[in-house]
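Q: Let the hints inform the model, and build the full structure from the sequences given.
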Amino acid sequence: MEINKKILVIDDEVHVRRVIEIKLKNKGYEVVTAANGLEGLEIIKAQKPDAVITDINMPGMDGEALCRLTDVLKIERPFLTIVMTARISPEERNWISKLKDTQFMEKPFSPSKLLDAINKYFGVE
Amino acid sequence: MKLPKITLAIIILCIVSMILLSRYLVKQEERKIISAVQEKGINLVNLLSLYPLMDYKPDKRTLFLQSLTSYQGLLYLLVHDKSGTVVVNLTPGDILKSIPPEIQTNSIYASGVISQNFTLKNPQATVYEFAKPIFKNGQKDGTIRLGLKIPAISAFSLERMSFLAMVAFFILSAVLLVYYGITLAIKPLRMRQQVIFQAEEKNPPAGKKPAKGDNLIPMIEELESSLGFMHTKLNEMRLTNIELYSKVGVMSFEKNQFIRILDAINLGIIITDMHNNIRNINEYTLKLLSRKREDVVDHPLEEVFPQEEIISFVMQQETLEHQGNMNYRDVSFKSFAPNDVFRITLTQFAGAEGTPLGKVITLRNVTTVKMVQKAQQEFIAHVAHELRTPLTNIKSYSEMLMDQEVESVEMQKEFYNTINQETARLSDLIQNLMKLASMEMGGLTINKGLLRTDWLVAGTLAAVEASARDKHITIEKSLPDVFISIMADKELLISAIINVLGNAVKYTPEGGKITFAIFEQDNNVVIEITDTGYGLAPEEIPHIFEKFYRSRNPKVAQQAGSGLGLSIAQEIVQLHGGDIEVQSKLGEGSRFTIKIPREDYLLGNQ
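First to last, the protein sequences are chains Z and G.
Going by numbering that gives the first Met the number 0, the first sequence opens with residue 0, and the numbers climb by one from there.
Going by numbering that gives the first Met the number 0, the second sequence opens with residue 0, and the numbers climb by one from there.
It is possible that part of the hints are untrue.
[As the list claims (entries may be wrong)] Straight-line alpha carbon distances no greater than 20 Å define the calculated DMTMM-like cross-link-like pairs of lysine to aspartate or glutamate that follow:
(1) LYS594/G <-> GLU490/G
(2) LYS112/Z <-> GLU398/G
(3) LYS24/Z <-> ASP402/G
Since the hints were derived computationally from the structure, they do not count as laboratory data.
A: See the structure below:
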């Protein structure tokens, strides 16, 4: 079954990218990956994904900067952002809660729960 | 005629001394009343300034203050707002007009309790004015002023007259007693005189010597005994004097000791009275303020700490007294120590009867404590992050396998492999953390023994050979002909070298070269590990021994690592009294130099 939605996965940890990619592809999503925020931003601009799953703490450009930036970009085209992090402080929760269409998921994460969240957003059974 | 003259003199003396005494008593009472009025005024103005008068509704405020005007001797009561306008005026008649204007100016611009006096012409009286600023949230919100009249003192009060009469009676009695005493005392002398006269009259030339002796002996005995009594009394007094002197000496010594102790304490201490005037201040605080003791003692706190948060804290604590919680505040002094954080505490202290006497303010420099706290928090956050990374991989990979998301057997094998690797990474990390913690707490026991350096070569190279072979990295050895022995903990030193050598293998691309050298230099055994790896940027070099520091170089960052290895290696080398250094060039490689001194061995050999 093919779902016509493109999902971008940004994480500096190759294992995380890999797991999410397999999980989502098995369900039928189209998946692109990036190793840091800067690469991710390029893909967001060029390929216009329907959802973005990003880590926060990354070398290069971190997830927070990316989210704040894409929150502005989203005015043109809304998409779901799932922010994943191993370390969550009240300040981080605070800025995440203020963003539009943005959810938060704590690491270590469950790939199936992540898939559930994406399915729910797109109304996929 | 003789006797009346003396009596007259005594009477005149009595009258003069009565007058002097009564004048003295009147003055004394006046002084007592003034000091009582001052105390009353200061207490009253202090008490009133604690009420949030400015927040009351005007009618309620006036009513509240009117209940106080019945206070004996209260002449007037004025409340000014912060602009100086009178908002409450409880003043009978035209007294307000008779107050000299400079008194009002002084009161309104006072920063603490102020007391001043002036003479009122109609009705004739001395008036003491007390004023205190009203504070709200540490800001001056207004001024409260009150005037107290000194009650008139009559020189002929009934008490004083009866007291004077009593004194006169005592003086008269004393004079009479002394007179009687003198007569008694000279009686034996007179008798002797009489006897001598009588004897001389009977036998003018040859005196009756035995009779003379008969009279003299008891007299001399009497005199001697009284002399002896006086002598013992004198001795007793001398002893009490010595005792008193030594007590005074001990007291002043103790006082000086107390001041010296205050000065020796590594803590700022300021002691104030009830009106926030500085009574005592220790050396630490003076140094902090860079001021002299005499410029500070007896000055108001507000003057010494202008516009500092300490004042608002002290004011707040005054009103919040006995609430108990949060009795400290961390502040920094913008004007003299802007980079340091001080913890201020305030304690009220009281006299024997529980009457408050003043406050003890302490200032403790908590800058380093705060820094350590922050570093600890950062460390814990970092550890949590580092532990979660392998855990995340283990959890997600195992869940994928359980959910049968991976079909190909090849890939399944890869997944199991990753889980295995990540578990090893986690256990490595935990081991490193334990090692680090035991070293930080000083709990790591270092078992030094005679160690031949060739053992270091075998023990360390074996650990990295496999991974070096996988990456086709050649390891060249440059070893001395004769191996030097050092005093060292074999296991610890080997693990430190493995950490450095392991990094060299990990961060050197395929086909690279590593040189492992041991030699002696300036009484040190030097272990040098040189690689042709990715190298370090100059700005990274100062940080590589920091805990959890990992290079931002993507080639390095993509390799698994805890960022603890070099930090542990450095700790171990330093435990041996040695040193670890790095030279590196980005894109060319790095050279780590470990130096272990030989002194211990030489000493052990002697």
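Q: Is the hinted pair LYS24/Z and ASP402/G satisfied, with a Cα-Cα distance of at most 20 Å?
A: holds (14 Å)
Q: Is it true that the CA of LYS112/Z sits at most 20 Å from the CA of GLU398/G?
A: Since the Cα atoms of LYS112/Z and GLU398/G sit roughly 11 Å apart, the hinted pair holds (cutoff 20 Å).
Q: Please verify whether LYS594/G and GLU490/G have alpha carbons no more than 20 Å apart.
A: Within the cut-off at roughly 17 Å; holds.
Hint check: no violations occur; every hint is consistent with the structure.
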